[in-house]
Each structure stands twice: as structure tokens, then as C-alpha cells.
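Q: Residue numbers for the sequence shown follow this note's numbering, so the first one is 1210 and each next one is one higher.
Note that these hints are calculated values from the structure, not bench results.
Pairwise CB distance ranges (calculated):
#	residue 1	residue 2	range
1	G1263	E1220	28 to 36 Å
2	P1221	P1259	30 to 38 Å
3	M1246	I1213	17 to 25 Å
4	R1273	D1232	25 to 33 Å
5	P1262	E1220	30 to 38 Å
6	D1253	V1275	18 to 26 Å
7	I1213	Q1257	15 to 23 Å
8	E1220	G1260	29 to 37 Å
9	D1253	I1213	15 to 23 Å
10	P1259	E1220	29 to 37 Å
The beta-carbon is built from N, C-alpha and C at its ideal position, and this holds for glycine as well.
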Amino acid sequence: MRPIRDVHVSEPGLVVIDVAAMDDATVFAVQTAIARMWAASPADTTHQDPGQPGVRLRLYADLRQVPDSTCEETWPVTTGGVTGQD
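Please work from the sequences and hints to get the whole structure.
A: Here is the structure:
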């Protein structure tokens, strides 16, 4: 996987989550569960590391933002700071 950049964890509440599982369906299910709790930038593909079992997925979440409970899709995370909040 690529290195984690400073901007991805530049403020309290920003997290990088690496998920590993045997198949795509499982990692995407984990991604969906996380996106229901916090604002998250979804990944649309997984990757497999040579010589390693299963597949991997990386997503970014902002624990400070809770998605609207009526919204079933994930929201992109802003990495340049939050605007419009006091």
C-alpha cells in the first residue's frame, strides 16, 4: 500500500483505515459499515499484495462528521480543513 500522507491525519478525528479480508465482498461490507457511522471517502477497488493472502482496501474517514442517517451513500472527506463550522 502507499504510504500514509501527513494531510490524511493532519487533524484530530481524521483516520486512515486499512482493511484486509479474504474477498472483495467482505472489505466492501466493512467500508459500508464504517461509512454509516462517519464521513468516509469510499474506495472502489481492492488490491492484492503479491505473496499475501486476501485483498486490501484503504479508506479515509473523518470521525468529526456523522453522515445524515437518511443518506445511504458515503461522503468524501475534506482533507484541507473543515470550513463553515465554529
